[in-house]
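With the hints as your guide, set chains V and C onto chain Z.
Chain residues, written in single-letter form:
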Amino acid sequence: MPRAQLARIVALAVLASGLATATAVAQPPVGIVRPDPDKAARMSPLQLGAQLFAGNCSTCHGGSGFGIAPAEGRRGVGDVAGAGPPLRGVGALAADFYLRTGYMPLGKPSEQPQRSRTLLHDNEIKALTAYVASLGKGPPIPSVHPAQGDLGRGRELFTEHCAGCHQVMAQGGVVTGARVPPLQNATPTQVAEAVRIGPYLMPSFSKHQISDAELQDIVRYVQWTKSPSDRGGWGISNLGPFPEGLVTWFIAAVVLVGTCVLIGKRVRS
Amino acid sequence: MMLRRVVAMFDERSGASPFVVKTLRYLFPDHWSFLLGEVALYSFLVLVGTGTYLALFFDPSLAHVTYQGVYGPLRGAEMSQAYKSAIDISFAYKGGLLIRQTHHWAADVFVAAIVMHVMRVFFTGAFRKPRELTWVVGMLILVTTLLEGYVGYSMVDDLLSGMGLAIGYGVALSLPVIGGNLALGLWGSPYPGDHTFESRMFIAHVFIFPVIIGLLLGLHLTLVAARHHAQFRRMRRQTNQRLVGVPTFPGQAPRSLGLLFAVAAVLFLLGGLVQINPIWQWGPYEVALGTNGAQPDWYLGWLIGALRLMPGFDVTIGDYTLVPNPFWGGVLFPTIVIGLMLVWPWVERRITGDRRVHNLLDRPRDAPVRTAFGAAFLLWVVLVFFAGSADRLYVFLRISYTSMTWIYRVATFALPLAVFFVVLTICRELQRSDALEADREAAEEEGERALRAASPQPLTPGTERATAERP
Amino acid sequence: MRRLGRWLLMAIVAALGWARHREGRGADADAGDDGRIVPAGDPEPGAEIAVLLLLVAATLCAVGFIVVYAIDAIGNQTQLLGIAIGACFTFLAAALILVGKRLIVTEENEEEYPPAGHPEEQQELVQIVEESGSRFTRKRLLMTTGGAATAAVGAALVTPVLSLGPWLDTSSLANTPWRRGLRLIGSDGLPMFADQVEEGTFYTAFPEHANHDEIGAPVIVVRLPPSALRLPAERAGWAPGGVLAYSKICTHAGCAIALYRTPLFPPTSSKPAMVCPCHYSTFDPASGGTVIFGPAGRPLPQLPLYVGGDGVLRAAGNFSGPVGPSWRDVREHPT
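Same order as they appear, the protein sequences are chains Z, V and C. Residue 1 is where the first sequence starts when you use our numbering, and the numbers rise one by one after that. Residue 1001 is where the second sequence starts when you use our numbering, and the numbers rise one by one after that. Residue 2001 is where the third sequence starts when you use our numbering, and the numbers rise one by one after that.
Read the hints as simulated data drawn from the structure, not as lab findings. Any given hint could turn out to be false.
[Stated by the list, open to error] Have a look at the derived ranges for each label pair, beta carbon to beta carbon: (1) V/Arg1398 to Z/Ser227: 23 to 33 Å; (2) C/Pro2232 to Z/Lys207: 29 to 39 Å; (3) V/Leu1393 to C/Glu2111: 49 to 59 Å.
[Stated by the list, open to error] Pairs of lysine-lysine residues, derived as DSSO-like cross-links and limited to a Cα-Cα distance of at most 27 Å, are as follows: (4) Z/Lys207 to C/Lys2271; (5) C/Lys2101 to V/Lys1022; (6) Z/Lys108 to C/Lys2101.
No residue lacks a Cβ here, since even glycine has one placed at the ideal position from N, Cα and C.
Here chain Z stands alone, though its shape is the one from the complex:
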């Protein structure tokens, strides 16, 4: 094979990987459209929520949260082709989850929502949540008390229902088509909400499948994984063989090769 051709293949591979990185990392900056502060101060939470919804959510979720099917293709802020599920009946639970995790507002409807810094103020989140809750009868924000959960039972339930994607120590992982987030930054309420909603590609679990008490056990376990009893010392992120291999090569092997060099240099020519 001629070298020029080879170089072209290599360049292509590099380019492809670069592109993949770019598309995966790109999340167009999303600004928040908010009413004039003076006016906002005089609004009731529901009014403020309605205003914020109209400005930031309705492109995809439709006016009054009826949802928009991709075929309708409404163009909104930033020329985004809106498409999103209806929000009537999702309740405060879903609104609270999506807004507090920074999953929403989302730059592109086809993108996987990722945990990010939320651009909304706390009172705005409350107002939007109240507004979405008012659209239809839906579940409230769950109240969980992880301290009352059973750790052992939680471990079993988590291993059975969650570990396949989230990894047994809740360090996140991969499902083909999506990145599964680690749960280290998820609050107990958010974990409980996610279980009921099933965001993006995650399954949702109803009370028939995972009762509120069991959910509390699971949340207790997830809380525990944030600071597990790493009896063996430095936990190297509780991921198993992957970081262990890094330690083997980048600590043990480096130190031992260094020792060899130190010892082997006894006689100089």
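Quick look at chains V and C alone, frame taken from chain Z:
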């Protein structure tokens, strides 16, 4: 006086003095890279020591028990006696966790040291005549070690080990024609196997494989000593016929022993300070359970990479399944890698037509084709190895898993090819500049000699000294 | 123990050196002008003191190890024990390396490499073997018979290994505990009612009265809108109300299908799929478990279902094919 009496006592009863003297004055050529094999040897000693201790506590039984021990999150869980005993080693027995973790780190470091040692031997051409058998025995040690490590972490019966065993079963089944028979024979019944499978793994891990490794190690070292170490040419008196080195005693012994303790120090410090394979966190295994990010220990990472990269197909003839998919990554790939390394000394002989004895080592640039091939081959295996961790990279770097799979499928073949030519060019350039340098020096010497011949007096005192001091 | 051996060795050597010296043999190749074997060097009191201190430190650490072990009240035992013994070994290593570098005289000796071969002995060896057999007249026959005997004895000795498992009969590989009429039992131990199976989630179920450890036992149960199903024609009726059951064991390498992805808002994300966490083989539940990504070479076996009179899901037969990783006959087993 005392010493003399002791020596006389032993010599007159064993006749060993001449042998001991010879051993003590055996010469070790001095270079740091010759110590990598010793690092492996000493890791093995730590493995045997810690492993013996662990075997006193581990209970290779699949009997069901309910855990009621000190570790809270597992209390009340159903598990096998084997898993429980490994948990107890980690929690109930003082010092048990230190030994367990040291044992596991020692395994990881043992294989890493072997790999570095193999690389040194390969890139310096130390495997050439008369050391081909030493090379082959070393390769067999590497293969046995991989099996030993796999069985070792598989018999603990935690979630990760169970998933690893399932894959091992799938790979065994995938052998064309005899796979089904082999897997059933080894496991005793369809996966997860007969209840005696646990004790089969145990005896393999604590007896069969260690004995094989020990015997091969003995053979390896005997062969090394019989042909003596190869050496770099640091000075002119080192030739293909004459070895220059440090005697075992007193020169080499304290350094080597120091290295033993350094290896032990690193392993025990890791064992005490860095957590490895926290089986209590993985929980017990059941066939219906799985966790994301399941990886084997690092030294089998190249196999999971190969298994994951394969596009999905079984080779079939009508209803007959000739080659089930795991065969490619789990059997064929390692067979090619190990096989190629095994026969490389003879391949190189065929290519170069060189049948001479080589006691002097090459620098990598001295054999451009070998070095280029070695670099490309290494990169090939390393890329497949990296592919095995693409899922973790997705979590960290957010590069989609499916695109990474496709990039790796291309890169594993394209990049090594490119690297082959790049390294070849670099080696040849280095050789050319070496030759140029040698020419220049020779010309200078020639010139000086001519000058000296012309005039009986040296040109300047300085020049003469410089010439005389060149080794 | 090893150290003791080493001391002993050192003692032997020293003695040997001394003995040779005293007896004035000194004709060794290594010997210097003064009759020594090991060349002389100047003392290095500084290094000696350093070695001494390092040995003391090692001793203290070793004692520290014992103390930590003995006192229960000390927390983080693993870490402290590791530090104690690790530091102990570090000091020993430092002491020995210092001895090697400073207190042992630098000597690099020469030696001829052993000869490449021993032609005379080779000749002798060949001769011995050949002459030993000179009385045999039917060499080839004897060799063949001898070889056969060796092989037979070897085979006989290995035969008991066959008891390890059914090496010759691989039919058990296709066994599963599922039979027509068996109820699906959820992981909570209760029968699964068809109308309780919801869309957008997944369940694990086992056949009633079965051993959960068999790979043929666990199934993953999901519900899709009946309109979304694209099952092969011969599987019509296998998914009552859109409820589907597949083997939970991956057909690639036998791990549990522990991942189920299901889009919250189908228009913008991937379709439902069952995924294996080991090598990410991805199976499509709508079309009968076909592979849509990853290394699996066979679709996930589907379990036909029907709803019993009591509303509980029941198996309508065995799987659509053998469960678990592929082998030679995996496609030849009717189920």
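**Prompt:** Is the hinted range of 49 to 59 Å satisfied by the C-beta distance from leucine 1393 of chain V to glutamate 2111 of chain C?
**Reply:** Once the Cβ atoms are compared, 52 Å apart, the range 49 to 59 Å for glutamate 2111 of chain C and leucine 1393 of chain V holds.
**Item:** 27 Å Cα cutoff - pair lysine 2101 of chain C, lysine 1022 of chain V
**Value:** holds, 23 Å
**Prompt:** Quick one, are lysine 207 of chain Z and lysine 2271 of chain C close enough, alpha carbons at most 27 Å?
**Reply:** holds, 24 Å
**Prompt:** Does the alpha-carbon distance linking lysine 108 of chain Z and lysine 2101 of chain C stay inside the 27 Å limit?
**Reply:** violated, 66 Å
**Asked** Does the Cβ distance between arginine 1398 of chain V and serine 227 of chain Z fall inside 23 to 33 Å?
**Response** At roughly 25 Å between Cβ atoms, serine 227 of chain Z and arginine 1398 of chain V fall inside 23 to 33 Å, so the hint holds.
**Request:** Starting from the hint 29 to 39 Å, judge whether the C-beta atoms of proline 2232 of chain C and lysine 207 of chain Z obey it.
**Result:** holds, 35 Å
Hint compliance for this structure: hint 6 is the single one not met.
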